[in-house]
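K.L.:
Go by the hints and put chains B, C and D onto chain A.
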Amino acid sequence: MIRSDHLLEIRNLEVVFPTRDGTVQAVRGVSFTVDAGESLGVVGESGSGKSTLARAALGLIELPGRIAGGEILWRGRSLLDKRAARRIRGREISMVSQDPMASMSPILTIGAQMTEVMTRHLDIGKKKALTRAGDLLEKVGIPDPGRRLGQYPFEFSGGMQQRVVIATALSCDPMMLIADEPTTALDVTTQAQILELISSLQKDLGLALVLITHDLGVVAGACDLLKVLYAGQIVESGTADQLFHRPRHPYTAALLRSTPRLDAKADRLMAIDGHPPDLRHVAGGCSFTPRCPHATTRCVSASPVLQPSGPDHEYACWNPLNDRAVQEPPMGRGRA
Amino acid sequence: MNSVSSGSRSERRASAGRLMRIVRDPTALFGVLVLALLVSAALFAPLIAPLDPNKQDLAARLLPPFYAEGGSSQHLLGTDQLGRDVLSRIVHGARISLTIPLVSVTLAGVFGTAVGLLAGYRGGKADAFIMRIVDTLFSFPGLLLALTILAVVGPSFWTLAIVLSLRIWMVFARMTRGLVLSAREAEYVEAAALVGASPVRIMLRHIAPNLTAPLLTLAVLESAHVILSEAALSFLGLGIQPPQTSWGLDVAIGRQYVFSAPWLIIFPGLAIAVAVLGINLLAGWLRVAADPQESAKRFAAAADAPSAWSG
Amino acid sequence: MGRYLLKRLSQAVLVVISVMVVVFVVTRLIGDPVAVMLPLEATEENRALLEAQLGLDRPILAQLGDFVVDAVRFDLGDSLWQRRPAMDVVLERLPPTLVLVAAGFAFGVLLGVVIGVVSGMRPGGWVDRAAVTLGLLGVSLPQFWIGLVFIVFFSVGLGWFPTSGSGGIEHLVLPAVVLGLPVVGRIALVTRSSMIDELNAQHVKDATGRGVSRTRIVLVHAMKGAGIATITIAGWELIGVLAGGAVVVETVYAWPGIGFTAMQAIERHDIILVQAVVFVVAIMVVTINIIVDVAYTMLDPRVKFDRVS
Amino acid sequence: MSNALLEVQGLTVKYDVGREGFWGRRQTRLTAIDDVSFSIERGETFGLVGESGSGKTTTGRAILGKVPIFSGRVIFAGRDITGVEGRERRAIRRNMQLIPQNPYGSLNPRMKVREIISEPLVVHRLFKNAKGATERVVELLELTGMNPDDMHRYPHAFSGGQRQRIVIARALALNPDLIIADEPVSALDVSIQAQVVNLLQDLQQRLGLTYIFIAHDLAVVRHISHRIGIMYAGKLVEVARGESVYRSPIHPYTEALLSSVPIPDPRIERGRAVKVIVGEPPDPIHPPMGCRFHTRCPVAEPRCLDAAPPLEARTPGHEAACWVR
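Protein chains in written order, with my numbering: chain A, 10 to 345; chain B, 28 to 338; chain C, 134 to 442; chain D, 96 to 420.
Check before you lean on any hint, since a few could be wrong.
Said to hold, decoys possible - Below 30 Å or equal to it, Euclidean Cα-Cα: the simulated BS3-like pairs (lysine-lysine) are:
| no. | chain 1 | residue 1 | chain 2 | residue 2 |
| --- | --- | --- | --- | --- |
| 1 | D | Lys223 | D | Lys161 |
| 2 | D | Lys226 | D | Lys207 |
| 3 | A | Lys212 | D | Lys370 |
| 4 | C | Lys357 | A | Lys135 |
| 5 | C | Lys338 | A | Lys136 |
| 6 | C | Lys140 | D | Lys109 |
| 7 | D | Lys161 | D | Lys109 |
| 8 | C | Lys140 | B | Lys152 |
Claimed, not checked - Where chain B lies over chain C, by a calculated footprint (3+ residues, C-beta under 8 Å):
| no. | region |
| --- | --- |
| 9 | 379 to 389 |
| 10 | 415 to 424 |
Hints are computed from structural coordinates only; laboratory data are not their basis. A virtual CB, placed ideally from N, CA and C, is assigned to each residue, including glycine.
Okay, chain A solo, but in the shape it has when bound:
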């Protein structure tokens, strides 16, 4: 057994997906840890590998995709072992995914889908599980749980469905919750409700939370620690304060500046030119080079590795931004 004092430890993870047009290197050498009660945000655009990372952490990479290297440890035990992953999924680690409507079977009642996890993992009968399911629904803010348990997912609104999914995820008292874009399919007022619910549950239950999103606003309130993913790699990692106010990696900074803010009116957004690389043909060097305003020849020839720069802060860049170049709002004045 490999030693690990963390709840979840991912070491050098590599995930690949063969397609007809070449093999996609979805996750390329990602390492990080999550400790009990921590709230971690993983931010990235589409194709950055954030969802793949979440599924890998649950042992859910399906053929033809596969884990090509690295290690995933849950409380010191490897989750690459399918049987170990099966025992832990739903009981110790739970997941909430993007589209609640697609997440539940359309032809089974909410009650059946909530209890099936409990009767498997907890040593309780169907009746007890049903009572517990009712309590959980109440806890996530669904009135009249007795009647609701007999209904089907399509009889719920989007926000209510996501509440049901969250209740199901919490049904076996897990230690960690992985939420993959939990509010992307929801309206903004519903998003606010769900984010509030997730945050309060996390604090009340002492859960470790991994919140995966493309939306910087979503993680700003909910997470203490952040990882920024680009093209399958972590480019910067640190506390939310550090990353939002003193980003060192040009991508983090650019992402912040290209996000329009409700509280500040800029004349112009600072767009990042170009588009993310094709992960079927990864070149050497830093992946952000073609879009980076600070790139030098070194960035083309050699890949920067994550290096620590103070407690809880790492970045992978040869030409980091000056630490004092504080990004205070309102940003983005002037022309691009």
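P.N.:
Same frame as chain A, but now just chains B, C and D:
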């Protein structure tokens, strides 16, 4: 959202590449080869067939195939009760057994597609009315009704072809309508309307190209059904009539000698089975090849399983 | 629900009427029933007599009216061959057909679902390839031919089963298997592909993520979904078996059901009896359609919701 | 309001969604938008915000003549175009174009970029065929930041952001006055979204375009719009300049909506008291009586149940529909 979907964005491949891929798919290749063989047999029957299919030789009655005792190399697959060469009859039988599906499917395809276009494009009351008729026809007792009609009208090549096309035109109508309706929903069709394209242009330029591949696949698939139906009707004595010959009819004739001369039914039946199997394999492959989404799905589902295995 | 059933029933009646109108049009307008029914040497008097007997001397619309009214009363006239009400003959021959169809259909659906589920669980594996090949053979082999080959092989060669006729269970085995083979093929292919779709659905992936066991996912989540798709196909198959397969298989095995009767009636130019068979089969077909629709409604909560509201 | 390019007066759209009752005698209608009025000046960007089902997209489609109008009028450049169909409608399309949401679906995968961009030119007979229009296509591609060589490729060769540029080039081909952009950037990644938003702003300056910018993302709408209309359950509840909407919202729904948007700044986010509004938007087939927001409104009073408040000017240029505030 995940990297796979963004990685495989190739929706359309050049058709040349598509044709190349058939060679790499063993089952589809098998289907194509079988069909090519049967079609050339039908086209060049007099050249290929060793003997005249109707030439009787009572001295050489019920000869077994070459491999059995008493068989001769002159009659590779044996002879029937009138001494006619079984192999030659099968080669000639391919003509009718393959022309009937060609004629029936063409008739049904043209008519059905026209009706489907009308329903899908006009919509509203016309659509509801047409589809009500189509639905009703789907609930008709197919083969039995065909038998009744043929019994009354009298079987001939054309009545057979028409009756068989009457049984399948609705399939084309329903599919065409469905394709038109879903193509009309396509955002690029709405976009074309919004830049001011006329309905005719939208139909020809934006909707019609979506119909060809699926309809062609359907036509291939339906010809397999027609071959089976023709064979069954001929077997029951209400299809092709002597002196014309078809595989189903040959089986019917051989039936009386099933105990003494089983090769009389084995080989013509085998011809039907191989033809239908070949067509089904080709249709299965076409369906996957014509639908890039489907083929990407298959790829993901079974890393390197041959596509035609999807049935 | 009540309104829906009522609508479906009226559609069913409409279908049966349309079938009978088609039969009427074909027999009275396109064909000449008297010429078909009478022997070649019949005289002009024989002809007139039969015409009067069948009411063919009356105006065509009156004939249609009579025909429909009689059909509604389940009275389709006397069989020329058997010299008694055609409906009696059909109802007498119906039970053997029902036995054969039930056995063949049950065999086809059960085996087809098992093969489809097993192969859909691991697409691309060798079990799957074997199953798909079997399925393709099932839909590609002509039924009458398989019937004869089975007779040659199992009855003549091995002597396991009788060659034809009805009697004990041993008479039933071959025709039922032959009748069910295409059903096995199509049900297996459809079940397989809907199993693959279901198992790839997001909700199944997420259920795995929630910690639902593989067994439960296959047996409950995927199979219930796939079952809904299979039911429709099974309905079509049953109709095909009744209105097509049964005629062929009964003829091959001389099974004394309505399909065999229909063929005998055709040989004897007994149009009345053929009409009676078509009528009864049409009623069974629409009944199956309604049953499938109702089953669908009960299995899929989304449909129920739509239709009730 | 003589200078208005577009005037929408009391626009109401109802959809037939099925039948009710045992015999299905009663037609069920969904009121998608109800009595919506606003006007847009030439060269202005009017943002239309609301949650899903609020009617913002229907409003755009009704202006474009893609959905039947139940009542009300659409006046474009001084001319009443309500219910205009066929050839005349196609002529209006020259001046009024759409940028749809999904850059993947809105380009015909079987057509090359040149054919796509030149299609409006060909159908309005400005050129005989795609080849003749090549020069204009090059011009449009350059205008939207694409490479002219791209016109020989098929849409699948391009990323989402590039496709949206192609869509914009097609929309600009006929030199329209008004562009209705329906969630034009919501399918794009943040970094790409910024590129497209900037492009739209540049084009407006250079070509004097007028935009209706429909989106659910308040931050983007605020960024690009001069004036903003807020929709709730088929009603326009507040219309004002962007700054006024943000700084001094009148309608309680606007306030709640603003408060729901997370700010990408942990210091602000943690200290902020989010005014989470409870419940869900109402059923559009059976909307509540009176003010449609009263079921979720924190300040609702008995009179809010009795009648729907009209959209009235509170200060110059700031309209709201609320009895209480």
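K.L.:
Each hint: holds or not?
P.N.:
Structure-based check of all given hints:
1. This hinted pair checks out: Lys223(D) and Lys161(D) have alpha carbons roughly 27 Å apart, not beyond 30 Å.
2. For the suggested pair Lys226(D) and Lys207(D), the alpha carbons sit about 12 Å apart, so the restraint of at most 30 Å is met.
3. Distance check on the hinted pair: Lys212(A) and Lys370(D) sit about 20 Å apart at the alpha-carbon level, within 30 Å; holds.
4. With a C-alpha separation of about 20 Å, the suggested pairing of Lys357(C) with Lys135(A) holds against the 30 Å cut-off.
5. With a CA separation close to 26 Å, the supplied pair Lys338(C) and Lys136(A) stays within the 30 Å bound.
6. Of the pairs offered as hints, the one joining Lys140(C) and Lys109(D) holds, with about 28 Å between alpha carbons and a cut-off of 30 Å not exceeded.
7. Distance restraint check for Lys161(D) and Lys109(D): the Cα-Cα separation of roughly 13 Å lies within the 30 Å cut-off, and the hinted pair is therefore satisfied.
8. Taking the CA atoms of Lys140(C) and Lys152(B), the gap is about 18 Å. The hint holds against a cut of 30 Å.
9. Against chain B, the region 379 to 389 of chain C contributes 3 residues with a C-beta closer than 8 Å to a partner C-beta. That satisfies the three-residue criterion, and the hint holds.
10. Against chain B, the region 415 to 424 of chain C contributes 4 residues with a C-beta closer than 8 Å to a partner C-beta. That satisfies the three-residue criterion, and the hint holds.
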